[in-house]
Each structure stands twice: as C-alpha cells, then as structure tokens.
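Order-wise, the sequence lines are chains A and B.
So the first sequence is residues 576 to 980, counted in this note's numbering.
So the second sequence is residues 576 to 980, counted in this note's numbering.
Don't read these hints as lab results, they were simulated from the structure.
A portion of the hints provided could be inaccurate.
All copies of an identical chain are treated as equivalent in the list; a pair is satisfied when it fits inside any one copy or across any two copies.
Think about it this way: if two alpha-carbon atoms lie no more than 16 Å apart in a straight line, the pair counts; the simulated EDC-like pairs of lysine to aspartate or glutamate are [said to hold, decoys possible]:
id : residue 1 : residue 2
1  : Lys709    : Glu676
2  : Lys615    : Asp701
3  : Lys627    : Glu743
4  : Lys709    : Glu677
5  : Lys973    : Glu889
6  : Lys680    : Glu716
7  : Lys680    : Glu857
On a predicted model such as this, the values are computed, not experimentally measured, just so you know.
Protein chains: 2
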Amino acid sequence: MYTVLEKGGVCSPKGFTASGICAGIKASGNADMALLKSEKAARCFAVFTTNKVKAAPVLYDKAALEHAHFASAVIVNSGNANACTGEKGYADAERMAVLTEEALKLTPKSVLVCSTGVIGHLMPMDKIEAGIPKLVEKLHEDASEEFGRAILTTDLALKSHAVEIKTEKGVVTIGGACKGSGMIHPNMATMLAFITTDLALPIDFFAEFRANIADSFNAITVDGDTSTNDTCIMLANGMSGIKYEDLSLSEQGEFRAALTLVMQSLAKDIVRDGEGATKLIELRIEKAESHEEALRMARFIGTSNLAKCAMFGEDPNWGRILSSAGSSGCNMVAEHTDLYFGEVKVLEGGRPVQLDEKQTAALHAVVRQREYKVTLVLNIGQASASAFTCDLSYGYVKINAEYTT
Amino acid sequence: MYTVLEKGGVCSPKGFTASGICAGIKASGNADMALLKSEKAARCFAVFTTNKVKAAPVLYDKAALEHAHFASAVIVNSGNANACTGEKGYADAERMAVLTEEALKLTPKSVLVCSTGVIGHLMPMDKIEAGIPKLVEKLHEDASEEFGRAILTTDLALKSHAVEIKTEKGVVTIGGACKGSGMIHPNMATMLAFITTDLALPIDFFAEFRANIADSFNAITVDGDTSTNDTCIMLANGMSGIKYEDLSLSEQGEFRAALTLVMQSLAKDIVRDGEGATKLIELRIEKAESHEEALRMARFIGTSNLAKCAMFGEDPNWGRILSSAGSSGCNMVAEHTDLYFGEVKVLEGGRPVQLDEKQTAALHAVVRQREYKVTLVLNIGQASASAFTCDLSYGYVKINAEYTT
C-alpha cells in the first residue's frame with residue numbers, strides 16, 4: 576500500500592540532501608545550479624539521449640558509469656547545455672565533477688554532471704566554480720523544491736513528486752524531480768529527470784527501470800524532438816535498511832507500481848508544461864499485437880500535427896487519428912478498428928458511428944476538457960499502451976518562431 | 576536537350592485529352608470531377624499510399640493493375656475521398672470505373688479511379704453518374720488547366736508542368752498535374768499526381784519511376800502525415816512513335832532528367848502551397864553514407880516542428896537542425912559535421928563558426944528569403960539527397976485548428 580507525499584521530491588527518501596542557487600548563468604537571475612547528494616554511495620541507473628549529437632556532460636556521465644554503477648551526487652546547471660562545445664566542453668564537464676568531488680570529499684567518478692540550456696556556448700566556468708562551494712554549504716534535507724526549481728529552464732511549473740510504500744520490513748520512499756521542454760534560442764527541449772529511493776536495489780533492476788522509462792518519459796511527446804542532453808538518473812542508496820530482494824512479491828509489485836506512478840506523474844507534468852500546451856491527451860492503443868507496437872503507434876499519433884491542431888481546436892477529428900495510426904507503420908486492419916473520445920464511440924469497424932444529438936453533445940464535452948483520453952481499439956491482439964501528448968497551439972508556434980537572432 | 580513548356584500539363588504529350596466539370600460534389604461550386612484519357616491504351620505505372628487505412632479507389636486501382644499494366648483513362652473526383660466507407664464505398668469506386676469504361680467504349684479494368692476530399696461519407700453517386708457523360712463529351716486536347724483545377728481541394732494554386740525533349744528520333748513530351756495538402760475537416764492532406772508521356776516505356780522503367788517518386792513526391796513534407804488516398808499514376812502511350820530503348824544512352828538520360836524535373840516541380844508546388852506555408856526550404860544532406868540515409872535524414876529534419884517554427888521566425892537556428900539530424904536515427908558524427916544556410920557556413924566540425932558583422936548580415940538575408948537551401952555536410956561518405964519542406968506558421972495552426980465540428 577503506498578501513499579503520495581504532499582510537496583515530496585528528491586529529498587523525501589532517507590539520506591538524500593540537495594540545494595539550489597543562483598550562480599548567474601541565466602540572464603534572468605533565476606536559480607541555475609543544483610546539487611543532489613546521497614549520504615551513502617547509491618546504486619545508480621542512468622539512461623541518456625539517443626541523439627547522435629550528445630552534450631559533454633552526457634558523454635562524461637556515460638564514461639563515468641562504465642567504471643562503477645554507483646554515484647554519490649549529481650551536479651546540475653541550467654542556462655547552458657554545454658553541447659557542441661568540443662574538447663573544451665568535455666574538460667569543463669569533467670572539471671564540474673572533480674570540483675564537486677573535492678568539495679564533498681568524495682572519491683573520483685562518484686559525481687555525475689547534467690547541463691541544460693543554450694547550446695554552442697562554452698560554460699561560464701568562473702560562475703560554476705564559484706557556485707559549487709555554495710551548493711555544498713547549502714545542502715539540506717528539505718530541499719526538494721529548491722533543487723526542483725534550480726534545474727528548470729523555461730518550464731513554467733515545478734515538477735516534483737514522491738511516494739511512500741509501507742512494507743512488512745518498514746517504510747520505503749521514492750522521490751523525483753524533472754524539467755521538460757523549454758525553447759530559448761538556440762536551445763532545444765531537454766528532459767532531465769532525477770529519481771531517488773532509499774530501498775536497496777539489485778543491479779538487474781535496471782531492466783525494470785528501462786521499462787518504466789519506456790512507459791513514462793519515452794511515452795510523452797511535445798514535438799517529437801530528442802535533445803542533445805536528455806538524461807534520467809535514478810539513485811538507490813538503501814538507507815531505509817531494506818533490500819528489494821527482502822520484500823514479498825506483492826510488496827515488490829507495489830514498489831514497481833509506485834515507481835511507475837512517480838515517473839509517469841513527472842512525465843505528464845512535462846507534457847502539461849509543453850510550449851503553448853492547453854491540453855493533455857492520453858492516446859491509448861488497445862488490443863494491439865504487442866506492447867511495443869501499441870506504444871509506437873500511440874507515440875506516432877502523439878506527434879501528428881494534424882491531430883494535435885485538431886485537439887487545440889477542440890475538434891473530435893477521428894479521421895486524423897485513424898489516418899495517423901495507419902501511417903505509423905504498426906500493424907492494424909482498418910475494418911477491425913474502433914475509436915473512442917473519452918467514453919464516446921465514434922468509429923466501429925472502421926466506419927463512423929452515427930451519433931444522436933445527446934451523443935454528439937457528449938463528444939464535444941469530452942474534447943473541451945483540459946485532459947482527456949482517446950482510445951483506439953485495434954482488435955488484432957491483446958497488448959495495450961498509452962502515450963501522452965499536448966495540443967499544437969498558436970502559443971507553440973509563437974514561442975518557437977518569435978525569437979529571432 | 577529539353578525545354579519547359581509554358582502552360583503545359585497532362586495534355587501536352589501526343590494523344591492525351593482531358594476535361595473537368597462542376598458535378599456539385601463540393602458545396603463551394605468549384606470544379607470537382609476530372610477525366611484524363613489516352614487515345615491508345617497506355618503503359619501504366621502507379622504508386623499508392625502506404626497508409627494501412629486505404630481509400631476504396633486505392634484498393635480498386637491496385638486490384639485493377641494486378642491484371643494488366645495498361646490503362647486508357649483515369650476518372651477523378653474531388654470533394655469526397657471515398658475513404659472509411661466500407662464495401663459500399665468499394666462498389667461505388669468500381670461503378671465509377673465501369674460507367675466511364677462504358678461511356679468511352681473501353682474494355683473492363685482499363686479505367687482507374689482517384690478520389691480526394693472528405694472521409695467517412697458515402698459518394699454522392701447520383702452526381703457522379705450525371706457527371707461522367709458530361710466529362711466524356713467535353714474531352715479535348717487543350718484541357719491541361721481544366722483537368723488540373725478540377726482535382727484541387729483547398730489548394731490555392733494550379734500545379735501543372737510539362738517538358739519537351741528533342742531527340743534524334745523526334746520530339747518526346749512529358750506532362751503532369753497534381754494536387755496537394757488540403758485540410759477541410761475531416762479531411763487529410765491527400766496527394767494525387769498524374770504524369771503523362773508519349774514515349775513508349777518498357778515495363779522495367781517502373782524502377783526508374785519509383786526512384787523519381789522517392790526524390791520528388793516522397794521527398795517533400797508539409798506535416799509528415801500520409802493520407803488514405805495518396806496516388807501517383809504515370810501513363811506512357813507511345814504516341815510519339817518513339818521507344819525508350821531506341822533512344823541513345825544520353826537521350827535516355829535526358830528523358831530521365833526531364834521526368835525528374837516535371838515531378839520535382841510538381842512536388843515543390845505542393846510544398847509552396849502547404850497550409851500556412853510562407854517559405855520553401857530545401858534541406859540538402861551531403862557526404863552521407865548512402866542516398867537512402869541522406870534522404871531519410873533530410874525528410875526527418877523537414878518534419879521537425881522546432882526547425883520549421885524557426886524557419887517561420889526567420890531564425891537561422893542551427894541547433895535545431897543539428898539536433899534533429901542527430902535524432903533522425905541516421906549515421907552521423909557531430910564532430911565531422913558542417914552546416915550552411917545558403918552559402919553561409921554556420922557550423923564547422925560540429926562547432927559554431929564565429930561570424931563577423933558582414934557574414935551575420937548575409938546569414939539573416941538568407942533566412943528572410945521565400946526560398947532557400949540548408950546544407951548539412953556529414954563528411955562520412957559520398958552520397959547526397961534533398962528534401963523540401965515548408966515552415967510551420969500561425970496559418971498552419973489556424974487552418975487545422977479553427978474548424979470545429
């Protein structure tokens with residue numbers, strides 16, 4: 576049995592402290608450096624962008640994690656992505672890690688680095704170097720929000736969640752924070768996510784972590800682009816004194832469900848906060864041949880400009896959903912397909928349902944909601960999956976077009 | 576040596592006649608039925624949408640062409656796509672073909688059918704049946720524009736081109752017309768293209784035709800969606816009295832180049848006419864590992880909302896181009912990559928070039944043009960390819976969001 580913690584975040588699990596400061600990297604004067612620290616070296620799972628163009632901190636972290644699967648801290652800056660900065664950029668990322676290790680008296684390769692912001696600019700290392708001791712000094716246990724705010728770029732809202740699981744062996748906690756898509760020229764949407772837990776996790780839990788990423792951070796789409804800096808790091812420090820292996824099977828299932836909840840809640844926050852987004856739509860594919868195909872089709876529809884514009888226009892445009900599904904490359908048979916907006920069935924066996932006045936009114940009530948679900952039932956298998964997308968609004972174009980160099 | 580024909584189109588090659596009329600399918604009262612006829616049965620090459628959801632006329636034509644690779648005429652209607660209409664829709668498509676065959680006294684399966692417009696509505700067969708005899712009666716040799724206009728939906732401009740090739744054996748002509756993306760709810764972008772030539776082509780020229788499609792109609796993107804009705808049909812009636820095999824190798828090369836010109840000109844017209852488009856951008860990928868990878872990367876960048884919004888904003892945003900290329904799944908090495916807007920180099924070896932005042936002014940002059948080229952040089956191979964895209968403007972969102980049911 577688990578419960579959501581009000582105002583919870585990365586510091587909710589035992590043994591995690593954090594801090595956030597204004598180091599002057601952002602012209603706005605908002606907080607732009609953050610530090611997350613575990614009292615004990617924590618088992619570390621990390622997944623990085625698949626973009627062929629990888630930022631320096633991504634390259635550094637991947638190398639660091641090849642040696643050990645543990646980390647004690649993560650140093651983060653916003654305002655500069657340290658991407659397309661060549662060898663100097665890599666040296667700067669490494670220096671951020673080393674300075675943090677020294678300030679925290681940690682062993683080499685025990686600190687990871689994340690950056691987000693403008694690309695193609697060298698890091699203002701003077702500001703970074705001045706910031707690190709301040710971050711270390713300010714570390715405290717109630718800093719979930721401080722940390723969560725300092726990692727944001729043009730995000731409008733804090734994205735922080737935590738869940739507590741009561742087990743036979745005692746209480747286990749999962750916390751998390753993330754930042755989503757912000758576009759300040761010449762910046763790109765970057766997703767940084769940090770998950771913490773005081774449960775001790777075995778190395779092979781990584782497969783579970785990856786599966787959760789597929790259904791959370793990889794199941795959302797604002798505009799289909801993948802950035803140079805995308806990173807998701809999970810730290811499990813075991814300071815609850817409880818091991819995953821020692822939980823009963825049902826408790827293990829609850830922990831996994833709670834982890835999914837935290838990661839999906841963070842992921843949905845990113846979509847809600849997408850540029851110009853006015854709606855959050857869950858695209859649900861049911862009775863598909865496989866979970867992978869269902870997820871791929873859901874994500875494909877979630878990137879269709881036609882479908883996203885119709886969502887903005889509050890138009891229950893089944894034609895665009897069906898056509899996008901058909902062009903996703905995933906298996907489907909039009910004549911077997913049913914489609915629902917909320918609970919209203921608009922397509923049956925690939926043919927439009929003739930709606931009466933009452934049903935038509937219900938349909939329009941659905942698409943006028945800020946959040947609703949579109950369900951496409953393929954009737955060719957047993958698998959299902961969901962993706963989460965936002966609408967495509969004037970606001971999106973404005974934010975992404977207006978800034979001119 | 577070939578020359579572009581002013582006001583040329585599908586009727587420019589010998590032995591082709593056409594017509595277009597208002598049958599009352601469109602509420603607007605614009606022309607909505609068209610007929611293209613060859614005096615002699617013509618070798619027919621056809622490529623259809625890969626969408627899993629295929630409109631009735633697409634299913635009918637595919638079946639018809641399985642029996643023979645010849646066709647004598649194509650009957651087209653705009654205003655109703657005859658998609659998601661089930662068995663009745665298929666019977667209606669077949670009836671359109673049969674009635675046209677009877678009216679033209681042609682053998683069965685010698686007429687193809689194309690439809691574009693609203694989906695999910697049964698065809699108004701009374702209007703279709705009344706229209707066919709009128710189309711037959713009005714067939715004439717100077718009807719390229721009439722035909723070209725009658726196939727349009729919300730396209731703003733006629734898309735018609737023709738080229739004449741002088742050979743040792745005599746004159747050979749290629750003509751073409753197409754319609755592009757129009758979105759009237761619940762319609763989707765549908766591409767219909769018709770190519771005619773009076774050169775006799777061998778059956779194995781199909782491979783050449785497919786390759787041309789890849790570099791023309793499949794190299795453009797307005798919003799990345801594929802419709803239920805997309806069709807490209809080429810008719811070669813041999814009425815110039817000249818066979819492809821009888822041309823010299825250089826003349827064969829000229830014919831292929833002329834065909835590419837006609838098809839690319841039509842394809843670019845579609846992009847120029849994309850919803851809300853204010854710019855036509857050629858995305859050129861050079862020194863890639865293969866033509867396929869280069870084309871795939873170019874098309875991928877062409878569907879990036881971030882890149883397309885930046886184009887609308889006249890912002891030379893190299894970060895979005897590079898990041899999109901990196902997330903295309905195609906092979907590249909950031910550190911080897913150079914990027915140009917027009918002739919201005921903005922990236923060298925994956926690092927931003929420091930531009931002086933004069934270069935910066937030149938860069939902004941490039942992105943302010945209505946049409947320009949962005950060239951990404953990967954420096955990992957010898958292959959290259961281009962894709963053509965338009966910008967993502969307020970107009971696009973307006974057109975696709977405003978209509979609400």
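Problem set entry | Hint numbers not upheld by this structure, sorted from lowest to highest | The structure breaks hints 2, 3, 6, 7; every other hint is satisfied.
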